[in-house]
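In order, the protein sequences belong to chains A and B. If you number the first sequence the way numbering that gives the first Met the number 0 does, the last residue is 626 and the count never jumps. If you number the second sequence the way numbering that gives the first Met the number 0 does, the last residue is 252 and the count never jumps.
In short, the hints are calculated from the structure, not lab data. Hints should not be assumed to be uniformly reliable.
Lysine to aspartate or glutamate pairs mimicking EDC-like chemistry, simulated, CA-CA at most 16 Å apart [unchecked claim]: (1) A:Lys157 to A:Asp346; (2) A:Lys114 to B:Glu139; (3) A:Lys377 to A:Glu354; (4) A:Lys111 to B:Asp133; (5) A:Lys613 to A:Glu557; (6) A:Lys357 to A:Glu339; (7) A:Lys114 to B:Glu135; (8) B:Lys109 to B:Glu160; (9) A:Lys573 to A:Glu619; (10) A:Lys461 to A:Glu175; (11) A:Lys357 to B:Glu135; (12) A:Lys111 to B:Glu126; (13) A:Lys357 to B:Glu139; (14) A:Lys349 to A:Glu458; (15) A:Lys349 to A:Glu378; (16) A:Lys63 to A:Glu124; (17) A:Lys285 to A:Glu270; (18) A:Lys234 to A:Glu586; (19) A:Lys111 to B:Glu135; (20) A:Lys156 to B:Glu126; (21) A:Lys333 to A:Asp565; (22) A:Lys358 to B:Glu135; (23) A:Lys461 to A:Glu179; (24) A:Lys114 to B:Glu160; (25) A:Lys357 to A:Glu378; (26) A:Lys111 to B:Glu130; (27) A:Lys587 to A:Glu512; (28) B:Lys109 to A:Glu162; (29) A:Lys358 to B:Glu139; (30) A:Lys166 to A:Glu7; (31) A:Lys461 to A:Glu200; (32) A:Lys114 to B:Asp133.
Computed from a predicted model, the values in this text were never measured in an experiment.
Here is how the chains run, residue by residue.
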Amino acid sequence: MSTIERHEYDVIVIGAGGAGLRAAVEAREANLRVAIICKSLFGKAHTVMAEGGAAASMGNVNEKDNWQVHFRDTMRGGKFLNNYRMAELHAKESPDRIWELETWGALFDRTKEGKISQRNFGGHEYPRLAHVGDRTGLELIRTMQQKIVALQQEDGKKTGSMEANIKVFAELTVTEILKEKGQISGVYGYWRESGAEVLFEAPTVIIATGGVGKTFKITSNSWEGTGDGHALALKAGANLVDMEFLQFHPTGMVWPPSVRGILVTESVRGEGGVLTNTLGERFMFKYIPDVFVDKYADNEAEADRWYLDQDNNRRPPELLPRDEVARAINSEVKAGRGTEHGGVFLDVSKRLSAEVIKKRLPSMWHQFYELAGVDITKEPMEVGPTCHYVMGGVEVVPDTAAAVGVPGLFAAGEVAGGMHGSNRLGGNSLSDLLVFGRRAGIGASEYAKKATRIPVSEESIKAAAARIEAPFSREGGENSYSLHAELQEITHFLVGIVRTGAELKEAIEKIAEIRKRSANVSVSGGRHFNPGFHLAFDLDNMLLVAESTAKSAILREESRGGHTRDDFPGMNDKWRQINHISSFDGEKVSIKAQPLPAIPKELFDLFDVHELEKYMTAEEIAKGGSN
Amino acid sequence: MARNINMRIWRGNVTDGGLENVVVEANEGEVVLDVIHRVQATQMGDLAVRWNCKAGKCGSCSMEINGKPRLACMTQLSSFKEDETITVTPLRAFPVIKDLVTDVSFNYRKAMEVPAYAHPVNLAPGEARMEQVDVERSQEFRKCIECFLCQDTCHVIRDHEENKKSFAGPRFFIRIAELDMHPLDTLRNRKKTAQEEHGLGMCNITKCCTEVCPEHIRITDNAIIPMKERVVDVKYDPLRWLGSKISKREGIV
Ligand SMILES: Cc1cc2nc3c(=O)[nH]c(=O)nc-3n(C[C@H](O)[C@H](O)[C@H](O)COP(=O)(O)OP(=O)(O)OC[C@H]3O[C@@H](n4cnc5c(N)ncnc54)[C@H](O)[C@@H]3O)c2cc1C
Ligand code: SF4
Ligand code: SF4
Ligand code: FES
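Construct the entire structure; sequences and hints are all you get.
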């Protein structure tokens with residue numbers, strides 16, 4: 000088997016989205032040799048699709064903003080289930096990470112004073128999102144892609160080879176994270192183009208593989224969002240935390256069917272877009288939860304005034320955190336006040352002129368005009384919830400992004416869990432990628448410099464190779480496309496936006512059954528760029544993710560953030576103190592309850608006690624945070 | 000409201016291939032990429048095609064549709080006549096890998112040849128102040144989604160493999176223009192190197208690149224022509240040339 004392609008590096012980064020690229024830059028700056036591996040071409044990762052912006056309390060638009068306010072907003076958005084330390088690091092470091100991008104050539108939109116402009120977004124008290132029109136993700140990824148090229152040019156001058164210290168392996172899928180004697184030794188995968196297998200040896204691996212949306216039927220995610228990193232981590236012995244929390248973005252396109260799920264950025268509401276049902280009612284006023292009454296306007300006049308005077312008016316309820324808005328739309332549609340395509344109306348044409356809309360929301364205008372034949376400067380859009388983001392993910396040590404339990408393994412970005420609690424605020428992901436991408440790069444570099452390298456054994460290689468060969472050696476088995484479609488039906492109907500115990504039980508059984516059948520998948524055609532073969536692997540990952548989500552969801556008997564139980568409406572203090580930890584024994588996922596780290600006094604004191612009373616038990620309040 | 004449509008799909012690899020006829024179901028509102036996916040899921044499990052966002056944002060699904068370079072995810076079936084056969088083929092300017100997937104590594108090599116952004120050494124993070132009007136010129140070019148349709152259509156390299164070595168192509172002319180107009184970039188002589196090292200001189204302003212750009216970037220009018228004009232200035236006007244060394248803000252207007 001020693002004829003396979005082999006590489007040796009100090010740090011391997013799986014994923015070329017924002018998190019992976021930021022981590023790679025950091026590791027290379029620490030003078031290590033870095034490989035970046037990704038399933039698509041360089042520059043096409045999911046991050047490219049992010050529209051609205053990156054949250055950072057620079058205070059450029061409202062100088063009252065600072066990290067403490069951002070921290071509070073993040074904890075509120077996550078319903079206090081966030082890992083407080085991650086939320087703290089994120090709030091403190093985001094501004095520096097944005098400014099740093101500017102030193103690498105990024106060009107954000109500007110304020111009148113020439114600073115980076117910031118826009119409003121759901122759940123953020125002040126205008127906080129640095130943006131470039133509605134293509135912020137593209138700016139982020141291109142800036143880091145170009146930063147990597149800049150580093151390669153430096154290396155080229157020094158060593159004569161641009162790829163001496165940092166190399167991108169594009170269109171290569173990792174199928175296995177390898178360990179020897181309990182520590183990381185490398186990764187195994189195949190070139191998507193040729194199907195040929197590749198071994199990478201390295202003492203550290205950073206997982207930055209993004210989300211899991213493709214597990215669901217209606218999603219804003221691309222084909223890449225198949226939870227590979229979640230599954231690879233589980234299989235390597237790491238844990239996942241709180242996989243029941245999935246964010247259904249309130250506004251996905253609903254018509255025509257072929258674009259169902261594609262995102263309609265929250266900036267539409269940030270810029271003044273209004274939600275109405277088929278009765279013409281601006282329904283969000285009915286759905287302001289108790290914990291938010293003092294922050295959100297309960298009448299149209301005040302909501303409208305807020306766009307002009309934010310200091311003296313409460314925010315419009317269209318800007319409530321995403322979980323609230325998604326549930327509200329779901330209820331309206333269920334109550335028969337939805338459009339014939341199962342959505343509601345979102346209208347920005349009444350507040351802004353056509354010119355301003357085209358300037359501030361250019362890709363939304365383009366997207367609706369080209370794909371739905373709707374001119375959003377004149378007509379409302381039809382929108383409904385779409386599976387968008389997974390809050391759950393690899394359990395990590397906040398400061399270093401090290402995966403708990405596996406020496407040498409790190410995780411950052413959407414694949415990591417904890418930071419966003421039960422619900423992520425818009426804009427907090429792009430900043431999360433930068434903050435924790437960098438931290439993972441540092442964490443991995445420090446580890447790699449000290450680590451003793453253990454060569455990958457022949458047995459590990461053989462086992463990894465056998466898994467890749469398996470679907471080709473079977474004949475007449477099931478087709479991966481149809482199994483994937485079946486899985487998506489199950490998750491959509493039984494593990495979706497509103498859940499019940501009985502449905503989750505059914506889902507767990509059905510997922511197990513598909514897992515059994517998937518062992519029999521066979522693939523037509525050869526290894527050469529064969530999407531059917533690629534999907535067979537992705538399917539395996541999605542099944543593990545779905546199992547972990549359903550099993551965590553059935554245990555959590557409350558409704559919080561991105562987890563809504565029809566049979567247990569409302570939050571429950573008891574459950575706020577618990578994280579669900581998923582682990583995998585090679586056959587099935589099991590879940591254990593783990594106490595949430597207690598919030599320290601200095602962070603506890605940032606809140607008004609009366610607000611905390613809405614989330615915490617009297618006992619916790621009396622303690623006033625840990626020391 | 001499903002109907003059947005006729006398609007011809009190019010299938011093959013580096014060594015050989017050809018068009019195959021298929022009949023596939025199509026529904027209201029669908030785009031070419033949707034029906035290609037349906038073919039993949041029901042008739043040709045190993046049909047190779049690239050895509051990611053399905054919303055015109057990532058530039059992955061570039062191919063030629065009835066001979067025109069286009070994004071398959073942004074090409075509506077309704078833009079064809081009811082009984083029209085839709086022919087899809089891989090990008091012609093790049094070597095085929097398989098079916099509709101081509102080897103676009105040429106572009107990534109060219110990207111590595113463009114000298115990177117150079118930030119002013121004494122300007123600390125967070126200190127930059129720029130006017131919106133000044134950043135907008137470069138922002139137009141930074142909208143580029145790297146679909147490489149402009150590269151594919153440019154006649155300088157489309158059927159002239161021999162030119163590829165010395166010609167960066169429109170995608171990278173706008174990259175150079177973007178850096179050249181960047182209010183903070185400190186590297187000098189970007190236009191001159193565009194001419195001397197990246198093949199700007201081989202472009203004869205046919206504007207085909209601008210016509211295919213899905214982001215509607217005015218590649219020729221706003222990047223190529225101004226750079227060519229300035230190159231002429233820079234080359235023949237010694238005074239101006241001196242000026243450009245002193246102040247970066249000679250920019251392109
Ligand atoms: C339409 C849309 C709009 C959004 N808008 C915003 C916004 O405005 N603000 C905000 O903060 N957030 C936004 N988000 C969320 C945010 O974009 C994502 O959470 C974030 O980009 C994820 O980045 P990442 O680096 O973790 O992973 P990704 O960008 O998803 O990258 C994952 C990488 O991992 C690679 N990979 C995966 N599996 C494998 C494997 N097995 N082998 C090799 N490589 C692999 C992929 O190829 C890819 O390169 C949006 C998301 C969507 C879908
Ligand atoms: S204008 Fe120049 S770069 Fe554009 S297609 Fe024509 S020759 Fe090529
Ligand atoms: S300039 Fe336009 S056509 Fe060329 S790669 Fe960029 S987006 Fe595509
Ligand atoms: S799939 Fe992204 S541009 Fe077509």
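Here's how the hints hold up against the structure:
no. : hint                 : result
1   : A:Lys157 to A:Asp346 : violated (55 Å)
2   : A:Lys114 to B:Glu139 : violated (19 Å)
3   : A:Lys377 to A:Glu354 : holds (11 Å)
4   : A:Lys111 to B:Asp133 : holds (12 Å)
5   : A:Lys613 to A:Glu557 : holds (15 Å)
6   : A:Lys357 to A:Glu339 : violated (28 Å)
7   : A:Lys114 to B:Glu135 : holds (14 Å)
8   : B:Lys109 to B:Glu160 : holds (14 Å)
9   : A:Lys573 to A:Glu619 : holds (11 Å)
10  : A:Lys461 to A:Glu175 : holds (12 Å)
11  : A:Lys357 to B:Glu135 : holds (15 Å)
12  : A:Lys111 to B:Glu126 : holds (15 Å)
13  : A:Lys357 to B:Glu139 : holds (14 Å)
14  : A:Lys349 to A:Glu458 : violated (66 Å)
15  : A:Lys349 to A:Glu378 : holds (9 Å)
16  : A:Lys63 to A:Glu124  : holds (10 Å)
17  : A:Lys285 to A:Glu270 : violated (21 Å)
18  : A:Lys234 to A:Glu586 : holds (10 Å)
19  : A:Lys111 to B:Glu135 : holds (14 Å)
20  : A:Lys156 to B:Glu126 : violated (30 Å)
21  : A:Lys333 to A:Asp565 : holds (13 Å)
22  : A:Lys358 to B:Glu135 : holds (11 Å)
23  : A:Lys461 to A:Glu179 : holds (14 Å)
24  : A:Lys114 to B:Glu160 : violated (45 Å)
25  : A:Lys357 to A:Glu378 : holds (14 Å)
26  : A:Lys111 to B:Glu130 : holds (7 Å)
27  : A:Lys587 to A:Glu512 : holds (12 Å)
28  : B:Lys109 to A:Glu162 : holds (14 Å)
29  : A:Lys358 to B:Glu139 : holds (12 Å)
30  : A:Lys166 to A:Glu7   : holds (11 Å)
31  : A:Lys461 to A:Glu200 : holds (15 Å)
32  : A:Lys114 to B:Asp133 : holds (13 Å)
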